[in-house]
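Protein chains: 2
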Amino acid sequence: MTSLDLTTDVVTLTRQLVDIESVSRHEKEIADAVEAALAAYDHLTLTRRGHTIVARTDLGRPERVVLAGHLDTVPVNANLPSRDDGTFLHGLGTCDMKSGDAVILKLAADLAEPNRDLTFVLYEAEEIEAVHNGLGKLAASDPDLLAADFAILMEPSNAGVEAGCQGTMRVEIRTTGERAHSARSWMGSNAIHKAGEVLRRLEAYEARTPVIDGLTYHEGLNAVFVAGGVAGNVVPDECVVTVNYRFAPDRTEVEAEKFLREFFDGYDITVVDTAPGALPGLDRPAARAFLEAVGGAPNPKFGWTDVARFTVLGIPAVNFGPGDPLFAHKQDERVPIADIEHCERVLRDWLEY
Amino acid sequence: MTSLDLTTDVVTLTRQLVDIESVSRHEKEIADAVEAALAAYDHLTLTRRGHTIVARTDLGRPERVVLAGHLDTVPVNANLPSRDDGTFLHGLGTCDMKSGDAVILKLAADLAEPNRDLTFVLYEAEEIEAVHNGLGKLAASDPDLLAADFAILMEPSNAGVEAGCQGTMRVEIRTTGERAHSARSWMGSNAIHKAGEVLRRLEAYEARTPVIDGLTYHEGLNAVFVAGGVAGNVVPDECVVTVNYRFAPDRTEVEAEKFLREFFDGYDITVVDTAPGALPGLDRPAARAFLEAVGGAPNPKFGWTDVARFTVLGIPAVNFGPGDPLFAHKQDERVPIADIEHCERVLRDWLEY
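So the sequences go chain by chain: A and B.
Heads up, the first sequence is in this note's numbering, so the first residue is 1 and it goes up one at a time.
Heads up, the second sequence is in this note's numbering, so the first residue is 1 and it goes up one at a time.
Hint data in this document are derived by calculation from the structure and do not stem from the laboratory.
Hints may contain errors.
Using 25 Å as the maximum straight-line C-alpha spacing, the simulated SDA-like pairs for lysine to any residue come out as follows [as the list claims (entries may be wrong)]:
no., chain 1, residue 1, chain 2, residue 2
1, A, Lys330, B, Arg179
2, B, Lys194, A, Val240
3, A, Lys258, B, Lys330
4, A, Lys194, B, Ala207
5, B, Lys194, A, Lys28
6, A, Lys330, B, His342
7, A, Lys194, B, Val240
8, A, Lys28, A, Leu107
9, A, Lys258, B, Glu253
10, A, Lys330, B, Thr270
11, B, Lys137, B, Gly303
12, A, Lys194, A, Arg184
13, B, Lys330, B, His342
14, A, Lys194, B, Gly136
15, B, Lys194, A, Glu172
16, A, Lys194, B, Thr176
17, A, Lys137, A, Ala275
18, A, Lys258, B, Gly60
19, A, Lys194, A, Val272
20, B, Lys330, A, Ala180
21, A, Lys258, B, Gly232
22, A, Lys194, B, Thr252
23, B, Lys330, A, His181
24, B, Lys194, A, Arg170
25, B, Lys330, A, Arg170
26, A, Lys258, A, Asp85
27, A, Lys194, A, Tyr267
28, B, Lys330, A, Lys330
29, B, Lys258, A, His181
30, A, Lys194, A, Val240
31, B, Lys194, A, Arg200
32, A, Lys28, A, Pro62
33, A, Lys194, B, Thr209
34, B, Lys28, B, Gly136
35, A, Lys194, B, His342
36, A, Lys137, B, Asn233
37, A, Lys194, A, Thr209
Among the chain A residues that face chain B by a calculated CB cut under 8 Å, a handful are [what the hints assert, rightly or not]:
no., residue
38, Ala140
39, Ala183
40, Ala195
Quick reminder that beta carbons are idealized off the backbone N, C-alpha and C, glycines included.
Please take these sequences and the hints and turn them into a complete structure.
Written out as structure tokens, the structure reads:
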């Protein structure tokens with residue numbers, strides 16, 4: 001079995017994690033290695049669910065903090081094994097998010113007596129359909145294991161704090177008509193032509209940019225797919241525009257759907273996928289204390305992340321991890337070494353006596 | 001080998017032809033049967049190219065007429081063998097166009113001394129991509145075999161004369177943008193949204209209806225496909241609208257393309273498929289004589305048919321065949337028995353001394 005050395009430095013540990021291939025649904029090897037490495041530390045209580053590992057201290061501290069990261073990656077794209085150029089680590093998962101995982105594992109190993117109780121979560125299947133998500137499964141099966149006052153999700157955020165996240169909703173807008181041979185098109189009714197008005201409204205859309213806890217969010221409404229057509233000589237009787245609405249966390253899913261139904265008034269709409277946003281929660285004491293420790297101004301998180309799962313459990317949560325999210329899922333994925341070291345140092349300083 | 005009996009009546013012969021399955025690219029059996037049946041007649045000179053059979057009289061008449069029909073059908077759809085309910089023949093190919101083929105074969109067998117020289121063409125692969133079309137191949141390889149003063153294509157036309165045909169042109173209209181994550185959509189540019197204006201123009205299109213040789217044509221401009229999208233969370237960078245323009249035969253392909261480029265001014269257009277229309281040519285003496293013999297008013301042909309191939313060769317041509325074209329390619333395909341008998345009688349009267 002591949003083993004991890006938690007006594008090495010955080011950068012070397014990142015490379016060890018990256019070099020264990022762990023595309024979604026193939027996390028057994030990396031989860032086994034994580035479990036075996038953490039089992040060596042008596043100050044941690046381990047629980048495993050599938051390929052999700054939870055390690056907890058239990059020191060009776062008045063406050064508990066979760067540090068979480070997913071172990072899986074998107075598919076390999078000729079970008080393994082890892083490479084170190086002195087400034088960046090390159091390779092699949094360096095940014096999203098094994099450098100964050102390495103910080104979590106280093107802190108788990110080193111902080112035998114932290115100033116707050118800690119819950120470390122390394123979970124499976126974040127990069128695929130939500131139904132497989134290890135953190136989501138854990139929240140459903142063992143909510144007590146996740147109970148905490150504050151959570152830090154170590155997704156890449158340029159080693160700064162990104163607070164909250166926007167929600168996402170996907171809807172299908174279906175126009176219908178009547179088929180006819182295109183040589184006698186006046187016998188039918190063209191469903192694709194009717195979709196023109198849907199696209200026109202999208203083009204005219206102006207994004208809402210609400211300010212929440214001092215952070216300016218930025219919504220988006222986009223056609224992500226359009227499909228219609230029967231044959232090259234047939235007037236089509238159906239066209240489907242798939243629209244993705246990214247909504248600021250001051251809107252619930254119900255409000256988001258209401259907005260879409262009004263925006264596309266007169267059209268047949270079906271919600272096919274939805275996930276709530278997460279309010280930044282920067283007014284909570286644990287969040288404030290963390291922000292003070294980190295320093296610098298927080299930013300809003302535009303993309304949806306698993307912080308929303310903590311919000312659902314009533315736990316304020318932020319994104320704070322090494323790496324630029326724009327490099328996630330790219331073939332030339334990379335992470336600045338300085339980011340990894342910065343995140344480790346900030347958290348260690350905040351959690352150590 | 002399945003054999004055809006050309007001494008039987010035209011309705012029975014239609015059923016014999018229908019019961020030889022001959023989906024496009026599988027015409028060997030039916031072409032063999034046609035060739036063998038015609039070989040019995042000394043007044044005909046046969047030529048075979050692939051699965052296309054040409055039979056000609058050579059009596060030195062001052063005028064020559066082509067009678068043509070394709071032997072293939074669209075795929076079987078649980079609509080074989082044929083069935084006779086006393087009023088209609090039912091089954092794949094009854095309408096499109098083995099009843100027309102049966103008329104051709106009956107006349108070829110019976111008219112040993114017609115008043116005009118006759119060229120009978122039974123050809124392969126009309127129902128698939130034009131490159132396989134037996135009549136098109138023949139026009140390219142043996143134009144002399146098709147030389148004539150007038151041509152009758154026995155495609156279904158309700159046993160009346162449908163003159164000329166509209167041209168068809170398919171273009172792809174491509175809009176481009178820039179990809180971005182849909183959570184930060186303002187970093188990109190949505191190509192699907194840009195297609196809205198293309199669809200808006202299509203919806204506002206008003207069809208031209210020119211009158212040619214007394215016949216009113218009716219153009220059409222339709223999106224037949226639309227496709228765009230990369231992933232459910234990505235602002236798409238390309239969208240393609242495929243448009244089919246059906247144009248009246250007073251427009252050439254060059255003029256049709258010019259019209260489309262003006263209509264979609266500002267957009268990137270690629271012509272992917274084109275076929276010229278055919279002028280009705282009802283002013284030509286041979287066409288006039290035929291119209292007089294048939295009686296009744298001719299109609300314009302809206303759909304594209306192989307008559308356009310004769311027009312390219314400088315031969316006036318009309319559609320004249322049994323059956324309602326609306327039943328072509330339908331599972332419940334059928335042909336009125338009276339139509340078959342009418343077409344045979346009209347042509348026999350016109351061609352016999």
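| query | Taking each numbered hint in turn, which are not upheld by the structure, reported in ascending numerical order? | reply | The structure conflicts with hints 3, 5, 6, 9, 10, 14, 18, 22, 25, 26, 28, 32, 35, 37 and 38, although it agrees with all the remaining ones.
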